[in-house]
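J.: Okay, here's what each chain looks like letter by letter:
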Amino acid sequence: MDTNQSPDSDPPTETVSTDGGLPVEATESTESTLQRWRRSELVKSLPFWLPATLLVGLFVYGAIGWNFIISLTDWQGLRRVTYNPAEFDLDNYFEFFGKVAEGGLLGGPQEYWAFRNTFVLLILFTVVALIVGLLLALLVDQKIRFENSFRTVFLLPMSLSFVVTAVFWAWMYNPSSGMINEGLRLVGLGAITQNWISDPQFKLFAVIFALIWQFSGYCMVVYLAGLRAIPTDQYEAAKVDGANTLKMYWRVIIPQLRASTTSAAVVLMVFALKAFDFLFVMFGTQPGRSADILALMMYREAFAGTANWAYASAIATILFVMALGVISPYLYRQYKRGAL
Amino acid sequence: MSDKHSQFSRRTVLKTSGVAAAVGLAGCTGGDGGDGGGSGTENEVEVVHWWTAGGESDAIQALIEGFESEYSDLSVNNNEAPGGAGSALSTEIQDRVLQDNAPSTFQIWPGGSLQTYTESDVLADISDSVWDSEMEDAYKEGVRDLSQDDNGNYVAVPLNIHRLNNLFYNVDVLDSAGVDPSTLSSPADLLSAMETIDAETDAAPMAQSTQSAWTVLQLWEDVLVGEAGVETYEAVLESGVEENEDAVRSALQTVVDYREYFNADAGSVAWDEANNDVINGEAAFMHQGDWAAGQYESSEGFDFEDSWDHVPFPGTEGVYHIVTDSFVKPEPNPSPDATDAWLSYVGSVDGQERFNPIKGSIPARTDVPDDAFGPFLSRQREDFDNSNAQPATIAHGTGVSPQVKSNFEEAFASFAGEWNVDRTYSDLTDAF
Amino acid sequence: MSTFSALTDNRPDWSRIALYATLLAMIAFYLSPLESGLMTSIKTQAGFQQTSPFVPPLPGQFAIEPWIEAFGRLQSGLVNSVLFAIPATILSATIGSITAYGLTNTKWRGQALVLMVLIAGIFIPYQSVLVPLSRFWTIVDLGSLLAVIPPLADRSELIALTITHTAYGIPICTLLFRAHYKSIDSSMIEAARLDGATIATIYYRIILPLSIPMFAVALIYQFTNIWNDLLFAIVLISDNSNDVVTMSLQKLTGSMVSQYNIQMAGAFITALPTLLVYIVFGEQFAEGVAGGGT
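Protein chains in written order, with the numbering used here: chain A, 4 to 343; chain B, -12 to 419; chain C, 7 to 300.
For reference, chain A alone in the conformation it holds in the complex (with noise of 0.2 Å):
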């Protein structure tokens, strides 16, 4: 049923394109009829997407600007907020910049850290999480049995709050009696048990962990999608070339899961900077600067006391700009390909 891709639906025009061009003028004098009856396909069809779009409009795009508006104001405290244009500045944007800048191996301001973090969190979780993703794919798809019992298993982390899995978690990794330690122990690695998510060398990295144990089933899911689009005929190719599974995987198989590769790697980023709730749980607004991060100092500076409100817009400008970095690509190639 979509129209943009079946033309020969519509006979009596020229192909119709999702570019988002507007219509061709010219031709208006010759299909008068015609336009208006498109025009009025458009107004039909109005009430149908425009009140979402509207709603969508506001809440996000509109609140996204408005954001951005407080961030050039001085805005702290109890006081109310004025826009006064003569006044907007990019001094909170300096000051964190400026901040984070002044950051280097041995340490400086909090805001250093937290952008660092962020970007270590975005990085390494994203990476570890496909890669974990695509071996679970690849292992559930060797046409075992039970395959629905083992998907679900692995999937159903992701069906779990971050305030749940952040709580479950926080008993594994408990020093004394929490599971991590306990299995370590008792697999004769006593010696490896850590304070993980007190000691600030391990801190991130354990919230990294428990992240990576929710999503990957969530990879899981994309890549075995992608597996199962491949066609049967190039294992057969490969497996005739005399190539062995491993080369088979390397060179066959793992470039077709490109496009499952993106897309993940999309929706893992967006979540690792949105990854405020499991944090917020774990350890409440002050993780110390092992486990800041920008999500979670935003939140901080608003709204846990200190009422910074422009300072903590800007910091929420600066993730949503990276969120866009991440996604813009992304959108803009989907949109070309057509895929929209």
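Among the hints, erroneous ones may be present.
One-sided excerpt, in silico: chain C residues whose CB lies under 10 Å from chain A [what the hints assert, rightly or not]:
| # | residue |
| --- | --- |
| 1 | Met32 |
| 2 | Pro39 |
| 3 | Thr50 |
| 4 | Phe54 |
| 5 | Gly102 |
| 6 | Ile104 |
| 7 | Ala106 |
| 8 | Tyr107 |
| 9 | Gly116 |
| 10 | Val137 |
| 11 | Phe142 |
| 12 | Ser150 |
| 13 | Ile169 |
| 14 | Ile205 |
| 15 | Ser247 |
| 16 | Thr276 |
Because the hints were derived from the structure by calculation, they are not lab data. Using N, Cα and C, we set each Cβ at its ideal position, and we do this for glycine too.
Following the hints, put chains B and C in place on chain A, whose structure we already have.
T.: Coordinates of chains B and C only, in the frame set by chain A:
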């Protein structure tokens, strides 16, 4: 995440919530609608506070009952905002103040915490309507100062006072180690006492929670007072750490040294759980505000002076490091006269006599009769009356602005874990 | 759907054994937080302190009290979560379906642009709208607007939360439905169109019945998302009688730091609705999850 107020006594928490569970689903939609946007009347005082757990909930209830019997034409809308030592409350209040929908009165740490509100001119001057000379005479100067804004106008009425600079101990553990706490006169003495305890007994020399920043922060505060004296400490509150770099660093280092003697699970337990180690004889000392004593007193067979006892934190004799709660009158106020009546009652002998014995704190007034207070609180009151300094705190919001407090917490959240004096010192220089 | 049965058929058995062993080890890993949580939740305080977290309670250390205790703390949150999550789920799925229809079935240019604007909404970090959102719901004071209907006025924060979640749920629902609608055979619609059916009639008569499977996907996926959220709730809800269940659980863990049995029971109670939905409708959830990424 953890909060001294809401987990004051787990035993009572269990009891109360057990009842709540028994009440069943019927209770679950029974919100008081306190946030319903000015639904109250001129004769109803909406009181927002964070005292929700066991003993403290009973204490505020007693205060409300006393108020309602004294002012029979007024009533109280008791609006609890639990969680995070008031962080949930401050969010709610700030929201409502921004909406011009402030409650009649709310609980707040006086002093620095008021700054957010006084800067925005949303607290009424109650110098004339509430603080009469009789009341002024009954409060000590340190407490009166905290109740005023920068112009010297009274804006808050303190209700209770907790002491922060306590060193609690398990008598048996100290006896078996041969340590006499009365001989400890400096934080360094405490360190060597802990060495002895470590060598002589199986107990952890000091019960501590390093899970959240405030317990470590308050320990550092009292080490600083103990090592460098009240003047230095107050200078740090006033103007930052840089002018007293040596003292600040030395106190940080002492805390790092103490850390060797903390319970092994300090990083994953809350303060009240660490406190159980003292009760069980698994730990010797505990530095904590005197709300910790409530746990001892509700432990069967664990008696004051026989099983547990208390000295001021070494080096802080004569100091009463105060943690205090107060009520304020936001403007515009939905019930101005009734709020004044409430504040006057909060500042009265009767109100404080009802509230404090249950809360486990001493009255903010000095002229409340002693009868209702047990031996421990009576001793604390005596210390308070004889104290020559009543400094404010960072960890409990009275000494610095919310922003500075937040910066300190940020620094100490990293300190607890890294135990790096240089880094923390450099964080603290940015705190002001 | 299997990819290379031919490759696996003639392998020695031990590689199949290794495969299953690996899979079972992974299963053990994925379930371990839940298993240790479940076991801990039915132990007494002494029980979970003395035994390993993954072993069942010893005789005499079994306790149901943690569940009762946790339920007592969470029940009002559960009710509030049901009150806001179900309307928000239904609203966002319904509006998403209608919107997707309006952007697929009809012929006008610029659809892709509208669509892209909507889809980008899926990826917005909530942080970037929190401050304006809290301001917005302060200015649009639902509490006073609804003052004439006291039961609603008392729940005005939940209504604000419902609307907010609806707005943020529409993009993903639109995307899910549109993928579905694109796959519907267009000849039926063309036939109806030639018969003079209006757009609304076509939606109601043809599209809606065909959307039922996708409604299952969207409703399940959205319900899980909305139920699980904490951030919007902690920003928009200040009256603790309106706390949703994720907030209640967070407060419970904050006030019972060392009572892991109660914490674990609380976590299960909070997760129960989504777990049940997942166990019963796992396929639909997987579809929603996969759809959300494309």
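J.: Next step is simple, just say for each hint if it's right about the structure.
T.: Hints, verified against the model:
no., hint, in the structure
1, Met32, "7 Å, holds"
2, Pro39, "4 Å, holds"
3, Thr50, "14 Å, violated"
4, Phe54, "7 Å, holds"
5, Gly102, "7 Å, holds"
6, Ile104, "5 Å, holds"
7, Ala106, "8 Å, holds"
8, Tyr107, "6 Å, holds"
9, Gly116, "5 Å, holds"
10, Val137, "5 Å, holds"
11, Phe142, "7 Å, holds"
12, Ser150, "18 Å, violated"
13, Ile169, "8 Å, holds"
14, Ile205, "5 Å, holds"
15, Ser247, "19 Å, violated"
16, Thr276, "5 Å, holds"
Checked against the numbered hints listed earlier, the structure breaks hints 3, 12 and 15; every other hint is satisfied.
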